[in-house]
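*Asks:* Work out the full structure: start from the sequences and follow the hints.
Order-wise, the sequence lines are chains A, B and C.
My numbering applies: residue 1 is where the first sequence begins, and numbers increase by one.
My numbering applies: residue 244 is where the second sequence begins, and numbers increase by one.
My numbering applies: residue 491 is where the third sequence begins, and numbers increase by one.
Check before you lean on any hint, since a few could be wrong.
What the hints assert, rightly or not - Partial pick of chain C residues on the chain A-facing surface, computed with a CB cut under 10 Å:
| no. | residue |
| --- | --- |
| 1 | E538 |
| 2 | W571 |
| 3 | G617 |
Unchecked claim - What follows is a list of derived Cβ distance ranges for each label pair:
| no. | chain 1 | residue 1 | chain 2 | residue 2 | range |
| --- | --- | --- | --- | --- | --- |
| 4 | A | R44 | B | T377 | 24 to 32 Å |
| 5 | A | P18 | B | Y311 | 31 to 39 Å |
| 6 | A | G111 | B | A488 | 33 to 41 Å |
| 7 | B | R489 | A | D24 | 48 to 56 Å |
| 8 | B | G458 | A | V185 | 46 to 54 Å |
| 9 | C | G546 | A | V185 | 51 to 59 Å |
| 10 | B | P278 | A | P18 | 48 to 56 Å |
| 11 | B | P332 | A | G161 | 31 to 39 Å |
| 12 | A | P18 | C | M491 | 43 to 51 Å |
| 13 | A | G161 | B | E247 | 53 to 61 Å |
| 14 | C | A501 | A | R44 | 26 to 34 Å |
| 15 | B | T377 | A | A150 | 35 to 43 Å |
| 16 | C | R574 | B | G461 | 55 to 63 Å |
| 17 | A | P110 | B | M244 | 31 to 39 Å |
Stated by the list, open to error - Part of the chain A face toward chain C, derived, beta carbon under 8 Å:
| no. | residue |
| --- | --- |
| 18 | R25 |
| 19 | V26 |
| 20 | Y106 |
| 21 | P110 |
Hints were generated in silico from the structure; no laboratory data involved.
Glycine is no exception: its CB is placed at the ideal position from the N, C-alpha and C atoms.
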Amino acid sequence: MTGWDEPMSGHREAGPAPGDVDLDRVWLGVAAQVWRRRPGPAERAAGRLLRSPGLARALVTTPSLLLGWVIATVVILLAGAGIALGTGTPWVALLAPAVAAAGIAYAYGPGIDPAWELSQSMAVSDRMVLLVRALAVFGLNAVLGLAASAASGAAAAVTFGWLVPMTAVCALALATATVTKSPNVGVAAGSAGWVIALLSGKAADGQFTAAITDASFVLPYLALAVCCAAVVLFVTRIPRGTR
Amino acid sequence: MNVELTDLNRKFGHTRAVAGVSLEAGPGVFGLLGPNGAGKTSLLRMMATVLPPTSGKLRLLERDPGSYGPRREIRRRLGYLPQNLGYYPGFTVADFVEYFALLKDMPPGQVPRAVAAAIEHVGLGDRARSKLRTLSGGMLRRAGIAQAIVNEPELLLLDEPTAGLDPEQRVSFRALLRDFGQRSTVIVSTHLVEDVAAACTEVMLMDAGRVVFHGTPGELIARGEGHGVGDAPLERGYSAVLAAARS
Amino acid sequence: MDDDALIAAVARRDDTALRELFSRHAPWLAARLRGVLPAAEVEDVLQETFLAVWRGAAGYRPEGVAGGWIWGIARRQAALWLRRRGPAELLLPALIAADGQHPGDPAEAAVSRVELARAVGALGPEGGPARETWRLMYVEDKSVAEVAELMGVSAGTVKSRAHRARRLMRAALRQHDPVSEGGGR
Numbered sequence: 001m002t003g004w005d006e007p008m009s010g011h012r013e014a015g016p017a018p019g020d021v022d023l024d025r026v027w028l029g030v031a032a033q034v035w036r037r038r039p040g041p042a043e044r045a046a047g048r049l050l051r052s053p054g055l056a057r058a059l060v061t062t063p064s065l066l067l068g069w070v071i072a073t074v075v076i077l078l079a080g081a082g083i084a085l086g087t088g089t090p091w092v093a094l095l096a097p098a099v100a101a102a103g104i105a106y107a108y109g110p111g112i113d114p115a116w117e118l119s120q121s122m123a124v125s126d127r128m129v130l131l132v133r134a135l136a137v138f139g140l141n142a143v144l145g146l147a148a149s150a151a152s153g154a155a156a157a158v159t160f161g162w163l164v165p166m167t168a169v170c171a172l173a174l175a176t177a178t179v180t181k182s183p184n185v186g187v188a189a190g191s192a193g194w195v196i197a198l199l200s201g202k203a204a205d206g207q208f209t210a211a212i213t214d215a216s217f218v219l220p221y222l223a224l225a226v227c228c229a230a231v232v233l234f235v236t237r238i239p240r241g242t243r
Numbered sequence: 244m245n246v247e248l249t250d251l252n253r254k255f256g257h258t259r260a261v262a263g264v265s266l267e268a269g270p271g272v273f274g275l276l277g278p279n280g281a282g283k284t285s286l287l288r289m290m291a292t293v294l295p296p297t298s299g300k301l302r303l304l305e306r307d308p309g310s311y312g313p314r315r316e317i318r319r320r321l322g323y324l325p326q327n328l329g330y331y332p333g334f335t336v337a338d339f340v341e342y343f344a345l346l347k348d349m350p351p352g353q354v355p356r357a358v359a360a361a362i363e364h365v366g367l368g369d370r371a372r373s374k375l376r377t378l379s380g381g382m383l384r385r386a387g388i389a390q391a392i393v394n395e396p397e398l399l400l401l402d403e404p405t406a407g408l409d410p411e412q413r414v415s416f417r418a419l420l421r422d423f424g425q426r427s428t429v430i431v432s433t434h435l436v437e438d439v440a441a442a443c444t445e446v447m448l449m450d451a452g453r454v455v456f457h458g459t460p461g462e463l464i465a466r467g468e469g470h471g472v473g474d475a476p477l478e479r480g481y482s483a484v485l486a487a488a489r490s
Numbered sequence: 491m492d493d494d495a496l497i498a499a500v501a502r503r504d505d506t507a508l509r510e511l512f513s514r515h516a517p518w519l520a521a522r523l524r525g526v527l528p529a530a531e532v533e534d535v536l537q538e539t540f541l542a543v544w545r546g547a548a549g550y551r552p553e554g555v556a557g558g559w560i561w562g563i564a565r566r567q568a569a570l571w572l573r574r575r576g577p578a579e580l581l582l583p584a585l586i587a588a589d590g591q592h593p594g595d596p597a598e599a600a601v602s603r604v605e606l607a608r609a610v611g612a613l614g615p616e617g618g619p620a621r622e623t624w625r626l627m628y629v630e631d632k633s634v635a636e637v638a639e640l641m642g643v644s645a646g647t648v649k650s651r652a653h654r655a656r657r658l659m660r661a662a663l664r665q666h667d668p669v670s671e672g673g674g675r
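*Replies:* Right under this line is the structure:
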């Protein structure tokens, strides 16, 4: 074995090892167990669900990539605030996921993620990792939002009107992407889910019964959903060409 | 053939970073030489499937990286060390190498031993559980090399791998290159001519996106006889070829 | 750093200390084990030994016989391996005898010889049927037929006496068996 150090078998004390015993190999076996990281039950379960231990590891790692998480969180909270301030028209609410997705892609893209270039060359697709990170960011923020909701009504509005539904949407997107093996299909499913949630929510309020019965509104909503999906795909596409 | 490039081009806006490069490579160690801006990094990025070509044909490990499935298969068998490798400061060396081993779809059962082997191979065995933020530049580079080799890649692409390594470490690194070159295709992009001399069986010299020389180190030395500027034979060959290409 | 300090460091989860311990002790441990086991098994036993050192360093009492402590662990691992794979009662004495080769721990060697003597004593008085059968078959390495002729009994009797001898030895060795004592000496 070539290496920077002396081979493990070249040591100082009493006598050489027998020639047919490979001490370097033995040390590797010891080191493998001593250095290994043992994934927790959540990560193991995620690995089975996502059919990819690498993706599960990316999911679990996301909060520790702190700068990215902070930036992503700020963007999605602003998007959520935009909805809360919205006047009842759906446009802001429909665009908010695209804004959030763009924020997450930026936060974990070139310039912020130090190992971004390397991640681009990985077998586990970087779009899947982005989906998984979106779920991690939304999920974590939803949990924090639930805690904050106990203290503040405004927090409750953002949490239940935006964070929790978006976590569900991300989960749906990820599940679809896992099953269809295509992140693009997953994003489309997630966007459709959000539009449906929005429409049914507004319908319950009674504000949009007209929209549902009036066919002329449906097409613009669908078009907007498609635009959202397109924006997300555009933002997450490979490559950002620098030299 | 692990790498087959046919008339490969890459443009950024109006700039032609890579112009009509053709290459065939089987197992062995290939040196990619050239001044800054010659297109070495763009070429390496295309072979790492990070950058799609603007035109031309690219076949890696007998597969076409243009479609998702084959690209994934290539990436499982690929090792890549970018020129600017960032790192996650809070990760330990073992965490870092293991993270990318998992992202390369390595079977989890094989990962601990492969990580240990890669870390020992680059001489970081006594820093395996140290956080990356405590390492020197040379050690970080070696951690980068470890993640590149952890999956025993069939195609190993290294962009300026010896940056920050001291001369003794560079000697050990060249031994690692020769070791891998026995069974894989190793392509090393460097501006350090002596790295090439010691380890590479074939050399390609690029300038302004074009290949201006392709042959053995001995042939490059021959080009320099009586013409070139430099302290070492290979340096003289290098400058002679560049001068001829630019005139 | 001396061995005691290294083991203390290992107890504090310092993997570089384990590395140093390995480079110091693995070669002679390998040589000793090689006298008893084939090469591939030596590698496995050595690996398990150092993993046991990693896990059990906190239980080490610094008395200056680190080598003996590690050998004790190696011996237990080897015994475990032998037990899984065959007639341990035969090879265990060879393992115990291997103790004598290491200069640094006469106390260990003495204890092992006492263990062996006790186990043999459990077979009965010298010249008694079980002990004599054991002596002829396993120490002098004679075949069943030869022993039957020498002792003037049938082959079947020899076999059942040998079986009894093995049972008695197994029980006696287990009494002082570090494995069943559950951990460090």
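*Asks:* If a hint holds in the structure, say so; if it does not, say that too.
*Replies:* Evaluation of the provided hints:
no.: 1; hint: E538; verdict: holds (9 Å)
no.: 2; hint: W571; verdict: violated (14 Å)
no.: 3; hint: G617; verdict: violated (40 Å)
no.: 4; hint: R44(A) - T377(B): 24 to 32 Å; verdict: holds (30 Å)
no.: 5; hint: P18(A) - Y311(B): 31 to 39 Å; verdict: violated (51 Å)
no.: 6; hint: G111(A) - A488(B): 33 to 41 Å; verdict: holds (35 Å)
no.: 7; hint: R489(B) - D24(A): 48 to 56 Å; verdict: holds (49 Å)
no.: 8; hint: G458(B) - V185(A): 46 to 54 Å; verdict: holds (48 Å)
no.: 9; hint: G546(C) - V185(A): 51 to 59 Å; verdict: holds (52 Å)
no.: 10; hint: P278(B) - P18(A): 48 to 56 Å; verdict: holds (53 Å)
no.: 11; hint: P332(B) - G161(A): 31 to 39 Å; verdict: holds (36 Å)
no.: 12; hint: P18(A) - M491(C): 43 to 51 Å; verdict: violated (27 Å)
no.: 13; hint: G161(A) - E247(B): 53 to 61 Å; verdict: holds (55 Å)
no.: 14; hint: A501(C) - R44(A): 26 to 34 Å; verdict: holds (29 Å)
no.: 15; hint: T377(B) - A150(A): 35 to 43 Å; verdict: holds (40 Å)
no.: 16; hint: R574(C) - G461(B): 55 to 63 Å; verdict: holds (58 Å)
no.: 17; hint: P110(A) - M244(B): 31 to 39 Å; verdict: holds (32 Å)
no.: 18; hint: R25; verdict: holds (6 Å)
no.: 19; hint: V26; verdict: holds (5 Å)
no.: 20; hint: Y106; verdict: violated (38 Å)
no.: 21; hint: P110; verdict: violated (35 Å)
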